[in-house]
Every structure is written in C-alpha cells, then in structure tokens.
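Using the sequences and the hints given, assemble the complete structure.
Residues 11 to 342 (the working numbering) make up the sequence shown, in order.
A portion of the hints provided could be inaccurate.
Unchecked claim - Ranges between beta-carbon positions, derived for each pair: (1) 44 - 81: 21 to 29 Å; (2) 297 - 40: 23 to 31 Å; (3) 44 - 222: 28 to 36 Å; (4) 104 - 201: 26 to 34 Å; (5) 295 - 337: 29 to 37 Å; (6) 41 - 126: 20 to 28 Å; (7) 124 - 29: 21 to 29 Å; (8) 127 - 269: 41 to 49 Å; (9) 241 - 53: 20 to 28 Å; (10) 256 - 337: 20 to 28 Å; (11) 263 - 301: 23 to 31 Å; (12) 314 - 115: 16 to 24 Å; (13) 142 - 27: 43 to 51 Å.
Don't read these hints as lab results, they were simulated from the structure. Treat the numbers as computed from the prediction; the structure is a model and nothing was measured. Note that CB positions come from ideal geometry on N, CA and C, so glycine has one too.
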Amino acid sequence: MKSEFKIGGVVVKKGESCKIDIPVAKLYDGTDVSISVEVIRGKKDGPVLFISAAIHGDEINGTEIVCRILKSKSLKKMKGTLIAVPVVNIFGFNMLSRYLPDRRDLNRSFPGSPKGSLASRLAHIFMKEIVKKSTHGIDLHTGAIHRTNIAQIRACMTDTETKGLAFDFGVPVVLNSDLRDGSLREAARRRNIPMLLFEGGEALRFDEQIIQIGVHGCLSVMRSIGMLPRKKNPVRREVFVSWGTQWLRAPASGLIRTFKDAGSYVKEGDLLGVVTDHFGDIKGEIIAPFEGIIIGQLKLPLVNGGDALYHIASFHNTKKVQKSIEQIEDIY
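Here is the structure:
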C-alpha cells in the first residue's frame, strides 16, 4: 500500500480519513454534480476495499449500510484502505429512480467511456477513480420497486477467491450468478478484482433487518481479508449455494393474493397464490414447479399477465436452508 493514496485529485495519507467529491457532470443550469466518497486509511498496509451503494438510485438500503459501517468503532483498528461510496448514481438517487436521466441503467454501462452517454461517463469515472484503485469490492443492492429480496449474495462461485468472500459474508443464501455484460461485477472481474453483490430489501425503503445483516456481512469480509482483527470465537453460519433460480409469472392480469412470502420453503406443487379479477373470481394459480426457497417476491397486488411474482431458488438441502434463514432472522 502506497504511503499516499489519491482519489479525485486528493491525497489521503496513512492514518487519515477524508471526504472527497468527485465531479461527474453538470445540471442544465450549470450546477456541479459529484459522487461523494469517504476514504479511510489505516496506519498499516492492507487491502483496498470499495463498498458502493445506489448504483440503482432508488436502492437506498445500501446507503444506510455504508453510513453505519463508517460509524463503526471497528474501523479504529483497520489496516489498509476503505473507499466508501454511499451513492453512486446521484442522479437517480435525487429523482427516486433506478435509472439515470437518459433512462439508462448504470449497471449495464461499465466499464464506460469518457466520451459516451451520461451513464457511460459516470461508469468510466467510477472505474477510474474507485474500482481500479481497489483490491476487493462489495456492491450493495435491493429488489426493484415493489419487489423485495431476502438477504442474499450474488457472486461468480467458480472463482475461488470470490467464493471464499461469499462464504465469509455469512448470509445463508448465495446465488451463483453469471456475469452480465456491462455490469460492475463483470468490469471488476476483467481486472481480477474479487467482488460481491449483496441483495436485500426493497427499493425506496429502509429494512432494518437487512441493514443490520449487510453491515455485519461487510465487516465480516473485512475481517476475512485482514483489514480488521478476527474475532476470537467467531460464529460460522452455514452457507448454501444455489445454482439455479426461476421467476414465476402471473398467468393472467388482475389482483394477486399470496399464500407464501419471501423466505418461505416451498415444495413442488404448492399453491403460492392466485390471481383474481376485481370481483374476486380466480383467473389463474401460481404453482411451485420445484422444491426451493422464495428469495424474492412482488409486493404490489396489481399485476399484468406475465409479471414476475415469485423468485424461487433451488438447493441440495432446502430444509436446512430454511432453518438457517430462520436462525439469522431471529438474530437480527
């Protein structure tokens, strides 16, 4: 680790912390728009970890997770460098929107270009100033608007180091997730930077349980890579990897009446819900096609035919997964 560390033209020395505004664009009236970053450097060498939130501007749970990590007393004993980015998509954040003003998805715009679209330029700056200076990364997400996810890690589980980080995060559900073109995970992988994506909760909502799980998981990763001292008697929770998931979609338009919630165990043939018209007459049923855990769910009762309703993940030992989910929910 270099004695001097520069982000946005600002030098941060060992043992120092600094809030930095990285200019990214201007509004129509010429007002500057910046990504705000806090850099904390330990007195001793160690990894460089970025923790980012709100790449999708309405996914604000992660913003609160970053805030709480920055207030953690554990950081007083930190080695290496933490780059905390509470809000990446500052445009979407201020508009309560997932997207940028041009309706582009920032997480499909990496690694970006200095001469591309607004999304591409923002992605380029984030890669140049944050990702390329890091050795590890954690990106924090929630479900989309009107959709909730249970706490889960998405990672490329064929990569040994990433797999280890996913287990160290400590949530029961880990999805082996393919790398999407233009995603931050794919761009980080191309630079051989192991990175996790944490999902939990719903857009535009704070979920206290998910926030606590996210804070604990990020600090656990920091311990595992040597940034924080390891606990003397750490509690190792069992982690389960799903190699296959499926969204179940509405068979008709109408109102969804749900019989199972996110986090529930389901077996093949279970009735998860029914779609009715506005008189209550049933127009279609949602049946579980296999044994699994509901990891995501639509929360809006009004549906169009084809809308994604339930996200189900399959596991080798589903009952054990359910028990582990219940245990972690009891803790938080």
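Are any of the numbered hints broken by this structure? If so, which, sorted upward? Violated hints (numbers, rising): 2 and 13; every other hint is consistent with the structure.
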